[in-house]
Amino acid sequence: MRRSTGAAMLALFFTTAAVAADNRFCGGPVPQTGKPTDLAHVVGDQTLEYIVDQPASLMVCSKGYLLEKCGDHDNARKVFDKCIAAGYIGAMIWKALMLQDGAGGVPPDLPAAAELMRRAALAGDSPYAILGKLHYASALQEGRGVPKDEAEARKWFEAAARDGNPDAIEFLRAGYHVGDRDGQARGTGTPPPPVLAGPTPPLPGELFEAAQAKIAARPAQEVRGASARRLLDAPPSTPPVSPPSPADASVSAPVAGQHLAKLAEPVAQPVGSASSGLAALFGVLLLSGALHQSLRAPTARRSLSLSRA
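Residue 376 in the numbering used here sits at position 260 of the sequence shown, and the numbers go up by one each step.
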């Protein structure tokens with residue numbers, strides 16, 4: 117049992133190492149188990165292994181950019197070549213940058229990169245065409261793959277600036293831009309002199325490490341004692357405030373920023389006077405009703421006697 121388990125672990129180790137070494141499709145091809153019901157290991161239409169073999173389209177060309185970023189240079193070139201043949205301008209820029217940098221161990225090809233940038237610059241109204249103008253102007257400015265021609269480079273920089281490219285605008289202002297950098301992260305043109313002379317200020321990480329080193333050099337007991345003294349001996353920041361006495365409750369203190377006026381208390385009418393007024397009114401109504409009834413009684417008896425006669 118132990119031998120079989122050890123053999124299985126060893127086989128898993130070598131399989132994992134082989135997959136890690138194989139960077140095709142950004143992590144190796146989809147592992148196949150040979151079971152038709154194993155739907156978790158299917159080369160579906162969302163996998164890079166499937167996309168690479170499809171005809172050029174916007175989705176396929178964008179996946180080529182992903183392949184290049186994850187290090188699968190061979191399949192990225194395969195995708196970019198078919199997209200360039202179909203006229204996709206972004207693929208021209210991406211393939212030119214690969215040729216310029218020598219991605220994947222292939223020697224740089226600066227003339228081919230400059231030609232792709234020129235084709236992209238002439239492609240018309242497209243954001244990638246604006247980038248093509250910037251990169252082709254940079255190649256002319258530095259003489260990368262084409263004869264150095266600063267006058268011609270300025271024309272392309274001006275064309276990219278008219279289209280709103282910020283790097284081209286910066287180059288026309290300062291004679292330097294970092295929108296196209298070489299392997300040493302150097303931009304195009306002549307960099308301006310540093311604004312501030314003197315030693316470079318330390319980075320935040322360096323300051324933090326220096327502070328930690330000072331704390332570590334102090335004895336732990338001294339650090340704890342100092343902390344305790346600061347907590348115990350610290351005087352109160354403000355003197356305690358005693359609550360107001362009940363006698364002072366009627367005194368209105370001024371409020372900062374506002375002026376409050378004390379409202380007059382409403383005059384309360386006695387309940388007894390209101391009740392007696394209602395009783396008097398009720399008595400008057402009763403008396404008037406009785407008087408009216410006594411006046412009508414003789415008239416009623418007279419009418420009754422006349423009717424009997």
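Simulated from the structure, these hints should not be mistaken for laboratory data. Glycine included, each C-beta is placed from N, C-alpha and C at the ideal position. One thing to keep in mind: the hints can contain errors.
[Unchecked claim] Label pairs and their calculated CB-CB ranges:
id: 1; residue 1: V294; residue 2: P243; range: 12 to 22 angstroms
id: 2; residue 1: D190; residue 2: I331; range: 50 to 60 angstroms
id: 3; residue 1: A326; residue 2: A228; range: 20 to 30 angstroms
id: 4; residue 1: G203; residue 2: P307; range: 33 to 43 angstroms
id: 5; residue 1: N139; residue 2: R278; range: 33 to 43 angstroms
id: 6; residue 1: Y292; residue 2: N139; range: 31 to 41 angstroms
id: 7; residue 1: P147; residue 2: K330; range: 51 to 61 angstroms
id: 8; residue 1: Q170; residue 2: V294; range: 30 to 40 angstroms
id: 9; residue 1: Q328; residue 2: A228; range: 49 to 59 angstroms
id: 10; residue 1: P263; residue 2: G240; range: 17 to 27 angstroms
id: 11; residue 1: D138; residue 2: V222; range: 55 to 65 angstroms
id: 12; residue 1: A267; residue 2: G240; range: 23 to 33 angstroms
Hints and how they fare:
1. V294 with P243: 12 to 22 angstroms: holds, 19 angstroms
2. D190 with I331: 50 to 60 angstroms: holds, 52 angstroms
3. A326 with A228: 20 to 30 angstroms: violated, 50 angstroms
4. G203 with P307: 33 to 43 angstroms: Given range 33 to 43 angstroms: holds, Cβ gap about 37 angstroms.
5. N139 with R278: 33 to 43 angstroms: Holds, since N139 and R278 (Cβ atoms, about 42 angstroms apart) stay within the stated range.
6. Y292 with N139: 31 to 41 angstroms: Holds - the Cβ-Cβ distance for Y292 and N139, about 36 angstroms, lies within 31 to 41 angstroms.
7. P147 with K330: 51 to 61 angstroms: With Cβ atoms ~54 angstroms apart, the hint holds.
8. Q170 with V294: 30 to 40 angstroms: At roughly 36 angstroms between Cβ atoms, V294 and Q170 fall inside 30 to 40 angstroms, so the hint holds.
9. Q328 with A228: 49 to 59 angstroms: Cβ of Q328 to Cβ of A228: about 52 angstroms, so the range 49 to 59 angstroms holds.
10. P263 with G240: 17 to 27 angstroms: Roughly 26 angstroms apart at Cβ, these two residues keep to the hinted range, so it holds.
11. D138 with V222: 55 to 65 angstroms: Given about 19 angstroms between the Cβ atoms, the range is violated.
12. A267 with G240: 23 to 33 angstroms: Since A267 and G240 have Cβ atoms about 24 angstroms apart, the given range 23 to 33 angstroms holds.
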